[in-house]
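Enquirer: Here is what each chain is made of, one letter per residue.
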Amino acid sequence: EVQLLESGGGLVQPGGSLRLSCAASGFTFSTYAMSWVRQAPGKGLEWVSAISGRDGGTYYTDSVKGRFTISRDNSKNTLYLQMDSLRAEDTAVYYCASHEDSSGWYADSWGQGTLVTVSS
Amino acid sequence: DIVMTQSPDSLAVSLGERATISCKSSQSVLYSSNNKNYLAWYQQKPGQPPKLLLYWASTRKSGVPDRFSGSGSGTDFTLTISSLQAEDVAVYYCQQYCCTPRTFGQGTKVEIK
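Keeping their order, the protein sequence lines are chains A and B.
Numbering-wise (this note's numbering), the first sequence opens with residue 1 and increments by one.
Numbering-wise (this note's numbering), the second sequence opens with residue 1 and increments by one.
Derived from the structure by calculation, the hints contain no laboratory data.
Cβ atoms here follow ideal geometry from the backbone N, Cα and C, with glycine treated the same way.
Any given hint could be a false lead.
For lysine-lysine, the following DSS-like pairs were computed, each having C-alpha atoms within a straight-line distance of at most 27 Å [stated by the list, open to error]:
{"no.": "1", "chain 1": "A", "residue 1": "LYS65", "chain 2": "B", "residue 2": "LYS109"}
{"no.": "2", "chain 1": "B", "residue 1": "LYS24", "chain 2": "B", "residue 2": "LYS113"}
{"no.": "3", "chain 1": "B", "residue 1": "LYS24", "chain 2": "B", "residue 2": "LYS51"}
{"no.": "4", "chain 1": "A", "residue 1": "LYS76", "chain 2": "B", "residue 2": "LYS113"}
Stretches of chain B that chain A covers, calculated by requiring three or more beta carbons in the stretch to come under 8 Å of a beta carbon on chain A [stated by the list, open to error]:
{"no.": "5", "stretch": "8-19"}
{"no.": "6", "stretch": "55-61"}
{"no.": "7", "stretch": "92-106"}
The following residues of chain B were derived to be distant from chain A, with all beta-carbon distances above 10 Å [to be verified]:
{"no.": "8", "residue": "ASP1"}
{"no.": "9", "residue": "VAL3"}
{"no.": "10", "residue": "SER28"}
{"no.": "11", "residue": "GLN44"}
{"no.": "12", "residue": "PRO49"}
{"no.": "13", "residue": "LEU52"}
{"no.": "14", "residue": "PRO65"}
{"no.": "15", "residue": "PHE68"}
{"no.": "16", "residue": "GLU87"}
{"no.": "17", "residue": "VAL89"}
{"no.": "18", "residue": "VAL110"}
{"no.": "19", "residue": "ILE112"}
Isolated chain A (complex conformation) (with noise of 0.2 Å):
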């Protein structure tokens, strides 16, 4: 059965760093895709960034683009968002959800999520 935690939230002032976290278990997880979503608060959801497990190719929204980056390590069985220079519309829920299909990254899995609050 395929795991996702996330850790790794918290509350962190406008222009501050935090580090995302989510332990995979499992599954074979150096050849799944995966991906960061977030949700605001009472809002939807919103596709942040995903990583191949093949060639470990890196794709994100224009909004985090060069502040976030997606990286994984495959020996730790773990996905990581380094998110840097955040914002206040940055604050939601982070869920990392898996991709099986190589094929075609439908988010099969999906962790609980952490919550990040960038406030003052």
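Once you have looked at the hints, place chain B on chain A.
Expert: Frame of chain A, contents of chain B only:
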């Protein structure tokens, strides 16, 4: 970016009745090379993460009740709940996964009438 627009924003349906949600994309999400629509549907209940219901527009994920079905191609898609159950109260999202950024619709809230 591909814009995904769902309608309605919310709907109330009686138990046992049909619920229908529309999702339109600003560009086609059909790849001619494999004739697949890169469109997924998710269900999110309050306080829970989203859950995948359907992918490739109409393929039901294992374990998802068969009252959930998806249809459509190109830019117009539909999620149908054939006989609404109390446990189906949730917000439903469509998502295109053909192109970066992999955008979601704004969500449709389904309630019991």
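Enquirer: Hint by hint, say whether it matches the structure.
Expert: Hints versus structure:
1. LYS65(A) - LYS109(B): With a Cα-Cα distance of about 31 Å, the restraint between LYS65(A) and LYS109(B) is violated, given a limit of 27 Å.
2. LYS24(B) - LYS113(B): The hint holds at about 25 Å.
3. LYS24(B) - LYS51(B): Satisfied, since the Cα-Cα distance of roughly 20 Å is no more than 27 Å.
4. LYS76(A) - LYS113(B): violated, 48 Å
5. 8-19: violated (count 0)
6. 55-61: Since 3 is at least three, the answer is holds.
7. 92-106: Coverage by chain A holds here, the residue count being 10 at a Cβ distance below 8 Å.
8. ASP1: violated, 8 Å
9. VAL3: Nearest chain A Cβ is 13 Å from VAL3(B), so the label holds.
10. SER28: Holds, since 15 Å exceeds 10 Å.
11. GLN44: violated, 8 Å
12. PRO49: About 4 Å separates PRO49(B) from the closest Cβ of chain A, which leaves it inside 10 Å; violated.
13. LEU52: At about 5 Å from chain A, LEU52(B) fails to clear the 10 Å cut-off, so the statement is violated.
14. PRO65: Fine: 17 Å to the nearest Cβ keeps PRO65(B) off the interface.
15. PHE68: holds, 15 Å
16. GLU87: holds, 18 Å
17. VAL89: Since the minimum Cβ distance to chain A is about 17 Å, VAL89(B) lies beyond 10 Å and the statement holds.
18. VAL110: VAL110(B) clear of chain A: closest Cβ-Cβ about 14 Å, beyond 10 Å.
19. ILE112: holds, 21 Å
The structure fails to meet hints 1, 4, 5, 8, 11, 12 and 13 from the earlier list, while all remaining hints are met.
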